[in-house]
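Student: Each chain is listed here by its residues.
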Amino acid sequence: MNFKQIKEFIIEKAIFLSGSLSIIFVILIFVFLIKEGALFFKYVPIKDFLTGTNWYPLSTPEQFGMLPLIMGSLLVTIGAMIISIPLGVACAFYIAEVVNPKLKDVLKTGVELLAAIPSVVIGFVGMVTLVPLVKNIFNLPTGLTALSGSIMLAFMAMPTIVSIAEDAITAVPRRYKEAALALGATHWQAMYKVIIVAAAPGIFAAVMLGVGRVIGETMAVMMITGNAAVIPHTFLQPVRTLTATIAAEMGEAIRGSNHYYALFVVGIILFIITFAINFIADVFLHRIKK
Amino acid sequence: MNSKLTQKIAFSFLFLCALITIAPVLLIVVIIVVNGISAISWDFLTTSPTNGMRSGGIFPAIVGTFYLAAGATVISLPLGVMGGIYLSEYSKDNFFTRILKLGIVNLAGVPSIVYGLFGLSLFVIYLKLGASLVSGCLTLAIMALPAIITATDAALSSVPQSFREVSLSLGATKWQTIRHAVLPHALPGIITGTVLSNARITGETAPILFTVAAFYLPHLPGSVLDQVMALPYHLYVISTQIPGISKSTTYGTALVLIAFTLSLNLFGIIIRTHLRRQKKW
Numbered sequence: 001m002n003f004k005q006i007k008e009f010i011i012e013k014a015i016f017l018s019g020s021l022s023i024i025f026v027i028l029i030f031v032f033l034i035k036e037g038a039l040f041f042k043y044v045p046i047k048d049f050l051t052g053t054n055w056y057p058l059s060t061p062e063q064f065g066m067l068p069l070i071m072g073s074l075l076v077t078i079g080a081m082i083i084s085i086p087l088g089v090a091c092a093f094y095i096a097e098v099v100n101p102k103l104k105d106v107l108k109t110g111v112e113l114l115a116a117i118p119s120v121v122i123g124f125v126g127m128v129t130l131v132p133l134v135k136n137i138f139n140l141p142t143g144l145t146a147l148s149g150s151i152m153l154a155f156m157a158m159p160t161i162v163s164i165a166e167d168a169i170t171a172v173p174r175r176y177k178e179a180a181l182a183l184g185a186t187h188w189q190a191m192y193k194v195i196i197v198a199a200a201p202g203i204f205a206a207v208m209l210g211v212g213r214v215i216g217e218t219m220a221v222m223m224i225t226g227n228a229a230v231i232p233h234t235f236l237q238p239v240r241t242l243t244a245t246i247a248a249e250m251g252e253a254i255r256g257s258n259h260y261y262a263l264f265v266v267g268i269i270l271f272i273i274t275f276a277i278n279f280i281a282d283v284f285l286h287r288i289k290k
Numbered sequence: 001m002n003s004k005l006t007q008k009i010a011f012s013f014l015f016l017c018a019l020i021t022i023a024p025v026l027l028i029v030v031i032i033v034v035n036g037i038s039a040i041s042w043d044f045l046t047t048s049p050t051n052g053m054r055s056g057g058i059f060p061a062i063v064g065t066f067y068l069a070a071g072a073t074v075i076s077l078p079l080g081v082m083g084g085i086y087l088s089e090y091s092k093d094n095f096f097t098r099i100l101k102l103g104i105v106n107l108a109g110v111p112s113i114v115y116g117l118f119g120l121s122l123f124v125i126y127l128k129l130g131a132s133l134v135s136g137c138l139t140l141a142i143m144a145l146p147a148i149i150t151a152t153d154a155a156l157s158s159v160p161q162s163f164r165e166v167s168l169s170l171g172a173t174k175w176q177t178i179r180h181a182v183l184p185h186a187l188p189g190i191i192t193g194t195v196l197s198n199a200r201i202t203g204e205t206a207p208i209l210f211t212v213a214a215f216y217l218p219h220l221p222g223s224v225l226d227q228v229m230a231l232p233y234h235l236y237v238i239s240t241q242i243p244g245i246s247k248s249t250t251y252g253t254a255l256v257l258i259a260f261t262l263s264l265n266l267f268g269i270i271i272r273t274h275l276r277r278q279k280k281w
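The listed protein sequences correspond, in order, to chains C and G. Using my numbering, you'd call the opening residue of the first sequence number 1 and step up by one each time. Using my numbering, you'd call the opening residue of the second sequence number 1 and step up by one each time.
Hint data in this document are derived by calculation from the structure and do not stem from the laboratory. Here the structure is a predicted model, which means the values were calculated and not measured. Please note that a few of the clues may not be correct.
[Claimed, not checked] Each computed DMTMM-like pair below joins lysine to aspartate or glutamate, with the alpha-carbon atoms no more than 25 Å apart:
no., chain 1, residue 1, chain 2, residue 2
1, C, LYS7, G, ASP226
2, C, LYS35, C, GLU62
3, C, LYS13, G, GLU165
4, G, LYS8, C, ASP167
5, C, LYS47, C, GLU249
6, C, LYS108, C, ASP167
7, G, LYS8, C, GLU62
[What the hints assert, rightly or not] Some chain C residues well away from chain G (every beta-carbon gap over 12 Å; in silico):
no., residue
8, LYS7
9, ASP48
10, GLY52
11, SER59
12, LYS177
13, GLU178
14, ILE231
15, MET250
[As the list claims (entries may be wrong)] For each label pair, taking beta carbons as the anchor points, the in silico distance ranges come out as:
no., chain 1, residue 1, chain 2, residue 2, range
16, G, VAL33, C, GLY256, 44 to 50 Å
17, C, PRO132, G, ALA23, 17 to 23 Å
18, G, PHE96, C, PHE3, 41 to 47 Å
19, C, ILE254, G, PHE96, 24 to 30 Å
20, C, GLN5, G, LEU220, 46 to 52 Å
21, C, ALA198, G, LEU19, 23 to 29 Å
22, G, LEU275, C, GLU252, 45 to 51 Å
23, G, GLY222, C, VAL230, 44 to 50 Å
24, C, LEU74, G, LEU127, 43 to 49 Å
25, C, LYS47, G, VAL30, 25 to 31 Å
26, C, VAL230, G, ALA23, 19 to 25 Å
27, C, ALA198, G, ASP93, 47 to 53 Å
28, G, LEU19, C, ILE24, 42 to 48 Å
Backbone N, C-alpha and C define an ideal beta-carbon position, used for all residues, glycine too.
Could you put together the complete structure from these sequences and hints?
Tutor: Shown next, in the form of structure tokens:
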């Protein structure tokens, strides 16, 4: 083997190693979450954790019932999806099918910039504009509610939903549309009777990824949902999400305490939820490519 | 109702939806600029906060964010580009590649706060780096990785196969071909992807919460093992935990932060648009 071959060999191995890094990191993340979180179940039964209705990590005796947090995340996510799915899919159709090419670039850039606004800025703007508005409209003691969180999160899910749904709509073979038009359908009829059906798996994947984005969102939610760890009954109540719990409490949790371990377990649960969502979305996207 | 009219109504409705989706960007930018511009001065940008962060400037936070973004890019760029090269040029259509792609998708989907926990567990505690610039940069670098890999893969895949065939037929090795005949043509696409992922990292708060960010640190870091202040975290702190702070200071901080991230984004988008027009193969 001469020098050139050795160099080639080393470079190829380095590239292969870098290529594998993504898998290694996903595994590392899981392992290091488990490493800190696993000790928790030595002290607290898993059943109490998953079905307990009280999250009082600082009282004596401490209570780590995760149900209020799960319900909080669930409520905010459902609210955000009710707003962002119809809006996002409609926007994707408009960009992919209706608008002229020049305006299309402007709209796509706008959607991309929406994704670029840091979540802490969205949280801040929500705090100073939306929160007082919600408070006044519904005549509430506080505007920091699940509703405020859902509205802001809906806009954070929008870029994901719009861009992936738009790709899915654009990827529908032209002949489907042409066949519909040739049979006398208007452009709109072709869109809502033919194209949407053909693009459905991609749109579903877009929605799933949007859900993943919303569940994992931290700063904006922490700033505008009020952070009360109680099981919510309406959208007009303060809630506490899984993500906000970690962000708000980790700073004060003593390393090695049950509270500290519990927050890592919340992290593990978030990791598993988003992993499952991404996996499902990927399966659907993969199916389209075939 | 006749179907032409239905179509007209439907399209107007779709237009309205698109408008509602895009309008918040403008609205957020306008609100922040209008309220924040009065706070921006040379002093605000170049001095440290004083009086319990109620007055003074945000210099240490600007510098901290700059260090974090630069450090994360230096770490993630080579790894991400090599990962992209593997995916585009070396990987075969097999089970491993399928798993690898799934890994990338999942890495991109991990919630930012979970990255924060991971950074705390691995870098801060296990590797004993403490809450420091290096822990923060490493955490952010891993977060930036999937976007850079995906952008590199896409940029390389768009270079026509004939470029590789010509180079290989002239006796170049596979690496020489990639290095000299393929990579240069993919460079602008790679730069765009890196700039965009960098812009996102710059605005992140959750991953730096427990790995680097300092609540209040009125001087600059002396080494990579020091904590730093960062713009996003500073904005969070002053808007939620400092009562009685003047409105213009918070808005001013938000303005500097979005100026950072949006200009990086526009820069990336401009390179890309320019590129699309140029390329004609």
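Student: All hints, please: hold or fail.
Tutor: Here's how the hints hold up against the structure:
1. C:LYS7 - G:ASP226: violated, 38 Å
2. C:LYS35 - C:GLU62: It holds: about 22 Å lies between the C-alpha atoms, which stays within 25 Å.
3. C:LYS13 - G:GLU165: Distance ~23 Å between LYS13 of chain C and GLU165 of chain G Cα, so the pair holds.
4. G:LYS8 - C:ASP167: holds, 24 Å
5. C:LYS47 - C:GLU249: Roughly 22 Å separates the two Cα atoms, so the pair holds.
6. C:LYS108 - C:ASP167: The hint holds at about 12 Å.
7. G:LYS8 - C:GLU62: violated, 61 Å
8. LYS7: For LYS7 of chain C, whose nearest Cβ neighbour in chain G is about 8 Å away, the distance does not exceed 12 Å, so it is violated.
9. ASP48: Label holds. Min Cβ-Cβ 22 Å, cutoff 12 Å.
10. GLY52: holds, 21 Å
11. SER59: Its Cβ never comes within 12 Å of chain G, the nearest being 23 Å, so this holds.
12. LYS177: Label holds. Min Cβ-Cβ 14 Å, cutoff 12 Å.
13. GLU178: Holds: least Cβ distance 17 Å, greater than 12 Å.
14. ILE231: Given that every Cβ of chain G is farther than 12 Å from that of ILE231 of chain C, nearest at about 22 Å, it holds.
15. MET250: Answer for MET250 of chain C: violated, closest chain G Cβ roughly 6 Å.
16. G:VAL33 - C:GLY256: 44 to 50 Å: holds, 46 Å
17. C:PRO132 - G:ALA23: 17 to 23 Å: Between PRO132 of chain C and ALA23 of chain G, where Cβ atoms are some 19 Å apart, the hint holds.
18. G:PHE96 - C:PHE3: 41 to 47 Å: violated, 30 Å
19. C:ILE254 - G:PHE96: 24 to 30 Å: violated, 42 Å
20. C:GLN5 - G:LEU220: 46 to 52 Å: With Cβ atoms ~48 Å apart, the hint holds.
21. C:ALA198 - G:LEU19: 23 to 29 Å: Given about 26 Å between the Cβ atoms, the range holds.
22. G:LEU275 - C:GLU252: 45 to 51 Å: holds, 48 Å
23. G:GLY222 - C:VAL230: 44 to 50 Å: At roughly 45 Å between Cβ atoms, VAL230 of chain C and GLY222 of chain G fall inside 44 to 50 Å, so the hint holds.
24. C:LEU74 - G:LEU127: 43 to 49 Å: Taking Cβ atoms as reference, LEU74 of chain C and LEU127 of chain G lie about 36 Å apart, which means the hint is violated.
25. C:LYS47 - G:VAL30: 25 to 31 Å: violated, 51 Å
26. C:VAL230 - G:ALA23: 19 to 25 Å: At 34 Å between Cβs, range violated.
27. C:ALA198 - G:ASP93: 47 to 53 Å: violated, 25 Å
28. G:LEU19 - C:ILE24: 42 to 48 Å: holds, 44 Å
When the structure is compared with the earlier hints, violations turn up for hints 1, 7, 8, 15, 18, 19, 24, 25, 26 and 27 and for no others.
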